[in-house]
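Build the full structure now, drawing on both the sequences and the hints.
Read off the chains here:
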Amino acid sequence: MNGFFDIPSDLDNTYFGLIGLHLREALLPVLAGLLAALPIAQLCVRFRWLYPPVLGLTTVFYAIPSLAVFVVLIDYTGQTELTVMIPLAVYSLVVLVPAIVDGVRSVPEETLAASTAMGFGPVRRYLQVQLPIAVPAILAGLRVAVSASISLVSVGALIGNQGALGNLLADAQKYGRPELAVNSVLTTAVLAILCDAALVLVRNLLTPWMPRGKAGRRPKQAAARPEPEEAATR
Amino acid sequence: MIRIDSVTKRYPDGTVAVDRLSLEIPDRSITVLVGPSGCGKTTTLRMINRMIEPTEGTISLNGADLQQQPVTTLRRSMGYVIQNAGLFQHRTILDNIATVPRMIGWGRRKSRERAAELMERVGLDASLAKRYPYQLSGGQQQRVGVARALAADPPVLLMDEPFSAVDPVVRKGLQDELLRIQDELGKTIVFVTHDIDEAIKLGSTVAVMRTGGRLAQFAPPAELLSNPVDDFVEDFLGADRGIRRLSFFASEGLELTTDPVVRVDATAEQLAAPDAPYLLVTDAEGRPLGWAEPGDLTAGDIVAEGLLPYGRPFVPGADSLRAALDCAVLSPTGWAVAVDAGGRVTGVVSQQAVGEAIRAAHSAADTGDARAVGPADIAKVAP
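Read top to bottom, the protein sequences are chains G and D.
Read in our numbering, the first sequence has 1037 at position 204, and its numbers run on one by one without any break.
Read in our numbering, the second sequence has 740 at position 370, and its numbers run on one by one without any break.
Hints in this document: simulated from the structure, not taken from any laboratory.
Be a bit skeptical, because a hint or two may be false.
[Unchecked claim] Over the 10 Å line for every Cβ pair with chain G, so calculated as not near, a few chain D residues: (1) T425; (2) Q545; (3) P679.
[Claimed, not checked] Label pairs and their calculated CB-CB ranges: (4) A896/G - D435/D: 52 to 62 Å; (5) P382/D - E942/G: 14 to 24 Å; (6) T892/G - P382/D: 31 to 41 Å; (7) E487/D - E942/G: 25 to 35 Å; (8) A896/G - D523/D: 51 to 61 Å; (9) P885/G - D397/D: 47 to 57 Å; (10) A496/D - L1034/G: 25 to 35 Å; (11) P1041/G - D397/D: 34 to 44 Å; (12) E942/G - R682/D: 37 to 47 Å; (13) S596/D - P885/G: 54 to 64 Å; (14) S392/D - E942/G: 52 to 62 Å.
All values reported here derive from a predicted model rather than from experimental measurement.
Glycine included, each C-beta is placed from N, C-alpha and C at the ideal position.
Okay, structure coming up:
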C-alpha cells in the first residue's frame, strides 16, 4: 500500500490532483506577473530614466526570501494558496520586466522610423510592431519565470501544506517514506521540463519569422542578429 | 509642388540642423538632397512628413501648409523608404508591402492583390511573397522597402539614403530600377544621399547642402557639373566633373567611319583596301572580334584569338559621349567601336573625333543648345 504514487491521506489529494494544484500555484503568478510587467516595461521604454530605479527596486524584491514574505503575508492572507502565489508573482515580474524592456528596445531604429513614417500612431506601433518583435525575448523571460515558479511553489509546504508537490517532501520526513521525496523532486523536474518545452513550442508557433539554425535560408544574416534569449538575459 | 519656405530647425541645445532653407521641389520628378554628413539633408526630408517639426518657416504641398494637416493622414499620403529598408521582420513580404493599404482600410484581399502587383513592379519574384525579411538579400529587402512605400499610391515619395547600405553592383541595379519605375509612375520624389554620383545619376534637380544646414546650390545635374557656384560645390563634385559632365551629352553626333572594318572572311583585296593603321575584324554577323594591324592579317586565315581586344563598345544614341570616350580610351588602338542594339558594328571613331565632338558639345551647351540626354535615357541601355 505504501507505493511510490500513494499519497498520504493528510494531503487530501491524489497524485494528479497535486500536479494540477502545483501547476495552478506556479502558473497563475507568472500570468499575473506578465500582465503587470507589460505596462511597467512599456513605461520604462517610454521614459528611459524610469528603467534603472525600477530595475533596482525589483531586484531588491527578488532578494527577499519567500519565507520572509510568507511571514508578513500570513497576517493578511492566512495559510492559503494566495500567500504562496503573491511572492511568486513578484518574482516573475522581476524576471519579465527586463526581458520585455530589452525585447522592445531590440526593435531596430529604422523599423521604428519606418513605422512612424508610414503613419503608425504610438498605440498601433506598440501593438503591431514593438510587441510582436519582442515576443522571442518575452518568451525567453517566461521560460525562466515558469521554471523558477514551478520549483518555488514547494516552499509553500512550510505554511500549512500549501506547497502542492512540495508537501510530499514534508510527508516524506513525517512518515519516514523517502520515496515520496524522490517522487516530489522528479515530478517537479518533469513538470518544469514539460512546461519549458511547451513554451518553446509556443515561441516557434508565434515567430515563424525568426531565423532558426539550418532552416534559415541565409545563415550569415541570421548570425548577425543577436539571439533574443541572450538579449533577454543580458 | 512641395514648397520649403525659409525653414530652420534649431534644437534646444542650440544646434542648427537646417538654416533658413528655401526650396521648390517640382512635381513628378526626382529632386535629390545631397551633402556631407551633418548638412541637414535627412532633417529636411523628415520635416516634409513631420517626423521632425521645423522651428521656423513653413512647408507646403500644392499650396496647403503641412502643419495644418493631421500628421498620420499626411504620412500615409507620402511613401517613405529608409536605409536598410526597415522592414517589419515579423511580417511576410506581402504583408509588409500591404501595410499602408491595410491601415487606410482597403481590406485584406484588395491590399494583398495590390502588394502582389507591386512586387512585380519592383522586380521581385512572386515566390518571395510568403517569405520573411531575413530570408531576403539586402537588395531584395530594399526593393520591398520601395514597394511598401508605393503601396497606397502616394503622390510623394521620400527616400532617405535608401541604397547606401548595399554593394555597388546591387546599388546600380536599384538605381536603374528606380528610374524605370519613375518613368512609369511619375511620382514627386525627394531623395537624400551623401553620394554625389548617385545624385547626378538620379536627380532631375539636385540641391547641394553644406554643413550647418544651408543650401549651396540648387540646379539640374548638368548645370551643377558645368557651373558649380563656389569652391565647396566644386570640391564636393570631385576632381573629374568634366568627365562626368560628358554623361549629359549624346553620342549620336559622332562621325563614324566603317573604312577600317573588315569581316573575318574578307578577301586579300578587301584587307588591303583601307588606308588605316588598324583594322577592326568582325564575325560574319558583323559583331566585333578585335583589332589587328593590316600586315598581320592573312585572308582566309584570321583567328579571333590573335586579335587585340576592342574594349567595351558603345551604342550611339543610347550611350553618352562619356561612354564613347571611355571606349576610345580603353581601346589599345585609340579607336572606339560603335555598335547597334544587336551588338553589330556600325562604325568606329577615333579619340580625336570624340575630342572634337566634346568641344562642339561644350560650345553648344554654352549657347544653350545642348542635345543633352537625361541620365534616365542612359540608364535604359544598362546591361
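Here's how the hints hold up against the structure:
no., hint, verdict
1, T425, "20 Å, holds"
2, Q545, "20 Å, holds"
3, P679, "37 Å, holds"
4, A896/G - D435/D: 52 to 62 Å, "57 Å, holds"
5, P382/D - E942/G: 14 to 24 Å, "21 Å, holds"
6, T892/G - P382/D: 31 to 41 Å, "34 Å, holds"
7, E487/D - E942/G: 25 to 35 Å, "30 Å, holds"
8, A896/G - D523/D: 51 to 61 Å, "58 Å, holds"
9, P885/G - D397/D: 47 to 57 Å, "50 Å, holds"
10, A496/D - L1034/G: 25 to 35 Å, "31 Å, holds"
11, P1041/G - D397/D: 34 to 44 Å, "42 Å, holds"
12, E942/G - R682/D: 37 to 47 Å, "42 Å, holds"
13, S596/D - P885/G: 54 to 64 Å, "58 Å, holds"
14, S392/D - E942/G: 52 to 62 Å, "30 Å, violated"
Going through the hint list in order, the structure does not satisfy hint 14, though it satisfies all others.
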